[in-house]
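With chain A's structure known, arrange chains B and C on it following the hints.
Chains as they are written, first to last, in the numbering used here: chain A, 331 to 637; chain B, 5 to 347; chain C, 3 to 311.
I should point out that these hints are in silico values taken from the structure, not numbers from a laboratory.
Pairs of lysine-lysine, DSBU-like flavour, derived with a Cα cap of 30 angstroms:
{"no.": "1", "chain 1": "C", "residue 1": "Lys90", "chain 2": "C", "residue 2": "Lys70"}
{"no.": "2", "chain 1": "B", "residue 1": "Lys109", "chain 2": "B", "residue 2": "Lys148"}
{"no.": "3", "chain 1": "B", "residue 1": "Lys109", "chain 2": "C", "residue 2": "Lys126"}
{"no.": "4", "chain 1": "C", "residue 1": "Lys126", "chain 2": "A", "residue 2": "Lys366"}
{"no.": "5", "chain 1": "C", "residue 1": "Lys53", "chain 2": "C", "residue 2": "Lys90"}
{"no.": "6", "chain 1": "C", "residue 1": "Lys220", "chain 2": "B", "residue 2": "Lys109"}
{"no.": "7", "chain 1": "B", "residue 1": "Lys168", "chain 2": "C", "residue 2": "Lys5"}
{"no.": "8", "chain 1": "B", "residue 1": "Lys109", "chain 2": "B", "residue 2": "Lys172"}
{"no.": "9", "chain 1": "B", "residue 1": "Lys148", "chain 2": "C", "residue 2": "Lys220"}
{"no.": "10", "chain 1": "B", "residue 1": "Lys172", "chain 2": "B", "residue 2": "Lys148"}
{"no.": "11", "chain 1": "B", "residue 1": "Lys172", "chain 2": "C", "residue 2": "Lys220"}
{"no.": "12", "chain 1": "C", "residue 1": "Lys126", "chain 2": "A", "residue 2": "Lys364"}
{"no.": "13", "chain 1": "B", "residue 1": "Lys172", "chain 2": "C", "residue 2": "Lys5"}
{"no.": "14", "chain 1": "B", "residue 1": "Lys109", "chain 2": "B", "residue 2": "Lys19"}
{"no.": "15", "chain 1": "C", "residue 1": "Lys74", "chain 2": "C", "residue 2": "Lys90"}
{"no.": "16", "chain 1": "C", "residue 1": "Lys220", "chain 2": "B", "residue 2": "Lys19"}
{"no.": "17", "chain 1": "C", "residue 1": "Lys70", "chain 2": "C", "residue 2": "Lys53"}
{"no.": "18", "chain 1": "B", "residue 1": "Lys109", "chain 2": "B", "residue 2": "Lys168"}
{"no.": "19", "chain 1": "A", "residue 1": "Lys363", "chain 2": "C", "residue 2": "Lys126"}
{"no.": "20", "chain 1": "C", "residue 1": "Lys53", "chain 2": "C", "residue 2": "Lys74"}
{"no.": "21", "chain 1": "B", "residue 1": "Lys168", "chain 2": "B", "residue 2": "Lys148"}
{"no.": "22", "chain 1": "C", "residue 1": "Lys126", "chain 2": "C", "residue 2": "Lys220"}
{"no.": "23", "chain 1": "B", "residue 1": "Lys335", "chain 2": "B", "residue 2": "Lys19"}
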Amino acid sequence: MTDTIAATVAPGAAGDDVGEARSLTQDAWRSLKKNKMFWISVALIGVFVLMAIWPSLFTSKDPGFGDINNVRATPSAEHWFGTDTQGYDIYARTIYGARASIIVGILASLTTLLLGGVLGVLAGFYGGWLDALLSRITDIFYAIPLILGGILFMASFPNGANSNYFVVVGKVVLVLTVFGWPTIARLMRSSVLQVKPNEYVLAARALGASPWRIIRSHILPNALAPAIVVATINLGVFIVVEATLSFLGIGLTPPAISWGVAISDALNAIRTYPHILLFPSLFLSLAVLAFILLGDAVRDAFDPKSR
Amino acid sequence: MTTTTTSSAPVSDYKPDADGRLLEVDDLHVEFHTQEGVAKAINGVSFDLHQGETLAILGESGSGKSVTAQAVMGILDMPPAVIPSGAIRYCGQDLLTMPEEQRRKMRGPEISMIFQDALSSLNPTFPVGWQIGEMFRQHRGMNKSDAYAQAVRLMERVAIPAAKERVKQYPHQFSGGMRQRIMIAMAIALDPAVLIADEPTTALDVTVQAQIMALLAELQEERQMGLILITHDLGVVADVADRAAVMYAGRIVAKAGIDDLYARPAHPYTRGLLESIPRLDQKGQTLAAIGGLPPNLTRIPAGCAFNPRCRMAQDVCRTDVPALRDVGQQKSACHFAEEVLNG
Amino acid sequence: MGKYIVRRLLQMIPVILGATFIIFAMVFALPGDPTVGKCGERPCSAEYVAKFREEHNLNDPLVVQYGKYLGKFVQGDLGTNYYGIPVKEDLAQRYTITGRLALMAIAFEAVIGILAGVLAGVRKGRFIDNLVTVSTLFVISIPVFVIGVFLQYLFGIKWGIFPATVPSLDAPTSSLILPAFVLGSLSIAYVARLTRTNLVENLRSDYVRTAKAKGLTKNRAVGVHTLRNSLIPVVTFIGADFGGLLGGAIVTERIFNIQGVGGYIWRGINSRDGVAVVSTVTVLVIVYLLVNLLVDLLYGVLDPRISHD
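Bound conformation, chain A alone (with noise of 0.2 angstroms):
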């Protein structure tokens, strides 16, 4: 016991935060590249960043080409998944659909996690009625689950029948990242108050430095970790609720395509075509599961108790 307050409590003690940041993040680097859950993550990962760039280059069948005489086949070596019930190749949409994901999951997981994490360091650091005021802000939006106030978003500013995809996306993210800051704004405000009364902050304040500089050399390294983790979990999240949005009609929705509406056409069709459902159900979940995974792993390395 007294080895473990020991250990805790020098580095600190020792004032050499720098040093202690930096073997941090080295030893969760070093315990990470053994974790093999981290790799197959980071590869499913790059697999459908690559594939939301760049799909022609997993496919060369262009996915809004109908095929009326050929529609709910079955996988073939023409069509890898088959086609659906408008004789769309799933196999190209299923290529072409990851774009929306991505492009949501990431975008909302870097907007919240900018926003949270501003609005959290600036409340955990200044403190007193910034704090106050900054926390109730928090509270209201908290208030709010993700998944009405993005529906009644959605509702408010429906789609048009040909709204632009990227305004479309942009509204998705938009909502995401209205209600999904809160989070990361909490743990961000709750780590700051952790890091802040070490005494190498107060010595760092003591000196003359400036806030900036300590939020960025000695609050940041220590804060932020958990807070990617999260950021990087609730981008899984942020993909379901994106497709959940699609599911009920008000997010994407056709001409777009993106697995949320490929998944809500095909469980019409889940009775006698369930291969139509199975395709993009099964790329999203990969896609979803490879977020918490890492996100998991990264967890672990940063947190030696839960090994």
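Quick look at chains B and C alone, frame taken from chain A:
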């Protein structure tokens, strides 16, 4: 245990042998099988404990003293811990070959243990009286109110003020010293013959340390328990212990009566530990610390495990493991024990 | 305790005001015509638009609009829906079935989730642990609506064990088993994982070692000493997750054609019925906040270290 027993305390099935020997640990080995390899935590430890006797087990962190205690208690997590060989006999019966259910029933009434950090060792979500009373409810089948009454009696015995009022309070509502008293009350609840105290005062203030040690000594005297005091702090045990065993890297390297140990150490490690205690009569001199660190238990040095840190180490120390042998009134596991004793 | 509840209720007021304002503003104040779709495919007549704007005070500044809406809301007037029926009446008919659905889902979370988590935690690294860890990961990564439609197909249509749809407002509880399981499925998985993590961590704690040293049976050391501590974060999770449950109810009620509050919101969205949606969501948010207060109080009961003085 004596033959005069009250109705509330059932007669123990276990009797010490003729010369009052309660516990006999014989060539005990404990290993931890982990991903990093096999850590040899205990490498052939032997000692015994008699009625009314206090044995101090001394050593640094990682020397194996806590593992020894937990092996005796039977609360090691196995796996990762493995006991490849050795015996632990309580009143002549080997605990290691005993069925687990029989052994479990001995924890509390026969052998009991208190831990270093009472705050984390007590369950934060139950009142202290409930936790003390649990001993009576689980081992004696007592009802809840009687168990609470017993808890009050014990809390009064360990000198907790206003025990009746505080019996339903939670651990976090007590001070460190009071919490340790509660641990002690819980451990002595069923009148055990052997009490193991693992660093009982380490987490406490110096003044409180003395009070707790005095309480332990008093209870030991009153109940004629065999007391094993595990500590890294040589200062704590000097007044209380009868004998001491010094552990290093999973071995007992020195055994002696407590006075001999302090006055005439027969092992360089013991001498080093003594020299590292600040003393009033040597004010102004540099405090001698033992250089280096205790060995990694997955890679214990060949020969005498202490040789890399020993000022007297010779070639023989790097090749041959010294046996624990008689040196005068004491035992020492050093190739040069006589030189140490006389030097 | 009483003081604490009063303080928490007072603290809730600004949060409710803020949250309802956001909900209100999203529907009525941001650019975009709130009458779009009100009159079918054609744009609404100028007359109708004028009447609508008058009725909803859209000609006032936003804050005044909101104030007027809130004034009515406090008096229990939740406005009228697309067909001129008070939203309050609609909700009064529908809240019981959604309530039953939600309670059953929470029961599933608590029973199945905790049981699976405990089994996995106690037998860490063994077959059952791997089974729970892997299967919960699958559930988490598959969207609820896919699970819902799939289970509906298997149990409702193919095997006919449960009714595939539950259109009646006073359907028997047994017919809600499948929808409630679907609604709770994601949370069951999270609860199982959380319980397992906490249990594994607590099983290593010092007080469990003490419990062993006291000669307690393994069942008692786990069941009495470890479980209580391990369940405290689980209770918090179930409370915080209640919001997700409300959102999920919209999806689940849509799949099983349940005419509850969720189904009502979904229909409101489809018919572009802003008033019905805003008022219903506002009510749900208030329920969500109250549930969170309840959970915080329960937290204090479970963990004596938290004091609500």
